[in-house]
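Asker: These protein sequence lines are chains F and B, in that order.
If you use the numbering used here, the first sequence corresponds to residues 1 to 250, in order.
If you use the numbering used here, the second sequence corresponds to residues 1 to 321, in order.
A portion of the hints provided could be inaccurate.
What the hints assert, rightly or not - Restricting the straight-line Cα-Cα distance to at most 30 Å, the calculated cross-link-like pairs of lysine-lysine (DSSO-like) are:
#	chain 1	residue 1	chain 2	residue 2
1	B	Lys182	F	Lys159
2	B	Lys182	F	Lys118
3	B	Lys318	F	Lys114
4	B	Lys318	F	Lys118
5	F	Lys55	B	Lys182
6	F	Lys217	F	Lys159
7	B	Lys182	F	Lys114
By construction, these hints were calculated from the structure, which means they are not laboratory data.
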Amino acid sequence: MTALLEVSGVTKRFGGLLAVSDVSFTLAEGEILGLIGPNGAGKTTLFNMVNGVYKLNAGKISFAGQDITNRPPNEVVHLGIARTHQIVKPLYGMTVLENVTVGACFGRDSLQLKPARKVALEVLERVGLAERADTPARSLTIAGKKRLEVARALAAHPKLLLLDEVLAGLNPTEVELMIGMVRSIRDSGISVLMIEHLMQAIMSLSDRIVVLNLGSKLAEGRPQEVVNNSDVVEAYLGFPDIVDKLRGVQ
Amino acid sequence: MIFRRPVFWLTLVFAGLMIAIPLHNNNVSLREDLILVAVAIILASNLNLMIGYTGYVNFGHIVFYGLGGYIGLYLATVRGWNLVLSALLAGLAVSLCALLFGFGILRLRGAYFALATIGILVAVQSFVYNFDPWGRSTGLYVSFAAYQPLGGARRALWITYFLVIAVMALSMILSLAIKISKFGLGLFAIREDEDAAVVLGVNATVYKAIIYSVSAFLPAVAGTLMFYKNGMIDPSIAFEFMLSLEGIVMLMLGGKGTVVGAALGGGLYEKLRSYLLTSPKLSNFHLVIAGVLLLLVVLFAPGGLIGWLYRLVPRSEKVIE
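Just need the whole structure built from these sequences, with the hints factored in.
Answerer: Printed below as a string of structure tokens:
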């Protein structure tokens with residue numbers, strides 16, 4: 001498998017705070033790569049660098065063989081990286097359908113309004129929001145808004161999807177639905193890079209996992225390897241007995 | 001397709017009536033009333049492209065009108081060019097200026113953008129106050145001879161009126177065309193959440209600069225026509241800050257973000273204003289009314305008259321755009 005996304009030595013400083021320091025990893029085509037780490041580890045900052053919201057202080061990011069370092073977000077979408085936000089950002093005054101139509105119109109295919117609306121309806125069907133198409137985005141539940149985030153990103157027809165805590169705040173049934181959705185996204189040929197705090201979910205979904213702590217990469221490997229890594233257990237998970245719990249799930 | 005939109009036909013009928021009614025019995029005083037209504041609609045509609053569609057409050061919108069008036073009047077009278085050509089060139093020149101300014105100040109958001117637009121208004125006004133070819137503070141005067149190419153003053157005033165009505169209709173149709181386009185969808189996304197819009201792929205920098213420039217064109221054309229009709233222009237009437245503010249009141253009153261709302265607000269406010277201005281006891285009282293109106297609308301009906309209609313009859317949203 002070839003590397004779709006290659007992040008090498010990226011660093012981001014906010015004043016005196018070193019948010020991400022010299023982090024490198026690759027994501028293969030068709031892979032689900034999990035990104036975990038305690039609060040403040042720099043996971044979302046890393047996402048913001050990949051899709052161009054933040055400028056890098058050092059390092060390089062390439063996507064599908066192309067250097068995308070410091071390209072603005074709207075260009076990154078055109079190249080095929082779409083993302084969701086941890087704190088959902090629906091376009092509140094617009095309907096669910098309009099929200100997703102924006103994603104399709106300005107995504108990788110730059111569709112015109114009519115085809116974009118068709119794609120949007122298909123995507124809404126796929127994420128189970130079809131019957132809410134004409135309701136204003138502000139009236140969705142939190143689970144609905146998370147799905148809307150995913151739908152908008154999917155409508156952009158990405159090659160790589162960045163999912164920032166799509167499971168947070170969902171109840172167990174909703175979590176299960178969302179996990180199924182992520183699997184079906186990958187099966188449709190879209191690679192996924194996801195941040196998640198819900199350990200059971202990310203352990204079962206990810207092909208590989210990258211662990212961040214205090215802005216640096218702490219470990220990388222298959223879920224099994226990562227949970228057995230003593231550094232990870234100590235620095236991130238805190239309680240050694242959680243390893244046994246996770247083993248039970250696997 | 002824009003031809004399938006009721007508002008398109010509504011606009012044409014409205015413009016037709018605006019022409020037919022004063023023409024019917026050669027009612028010149030009605031014509032003079034209606035031309036002010038038309039200009040109010042032009043200003044409010046184009047301001048709507050910024051405030052209502054894109055979510056950027058432009059306090060200096062009147063600068064387009066005044067600058068357009070100056071450029072057009074200069075070309076039409078001092079240079080003796082054709083009126084329509086002068087007006088179009090004025091529109092283009094002002095749009096181009098707006099595009100250049102736009103790339104600079106549209107990096108700012110919220111209150112800072114609003115302040116910058118006031119800055120531009122004041123800066124342009126000071127420039128004109130000191131610009132010799134445009135007559136400094138005395139301004140430019142249209143000699144009687146300048147009306148000759150249009151067949152004398154009497155006919156020229158009618159022709160100007162028709163042209164202003166045409167610009168009014170174009171303003172509304174432009175608003176509608178943008179509203180139902182992909183470009184418009186991008187603007188609405190920027191209005192709702194600019195950061196999210198950019199992440200979704202909208203090139204906000206370019207979109208904002210384009211709409212700022214587009215919103216300058218027709219007001220500049222109208223400026224040429226109006227000051228030509230009035231026979232003179234000077235920096236204090238061309239760049240009147242109060243008129244800029246009243247444009248915002250019109251928009252809020254009618255309903256920002258809607259084609260009909262901008263027109264309705266512009267028309268109603270102008271009628272109210274001219275009533276208050278001409279009634280002897282209430283001279284300049286219109287500004288007090290404007291302030292109170294704005295307060296009431298913002299507090300109790302943020303969607304304006306059209307927003308209120310949408311709430312009463314939700315289905316009207318599909319028809320009255």
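Asker: Quick one: which hint numbers does this structure break? Sort them smallest to largest.
Answerer: none
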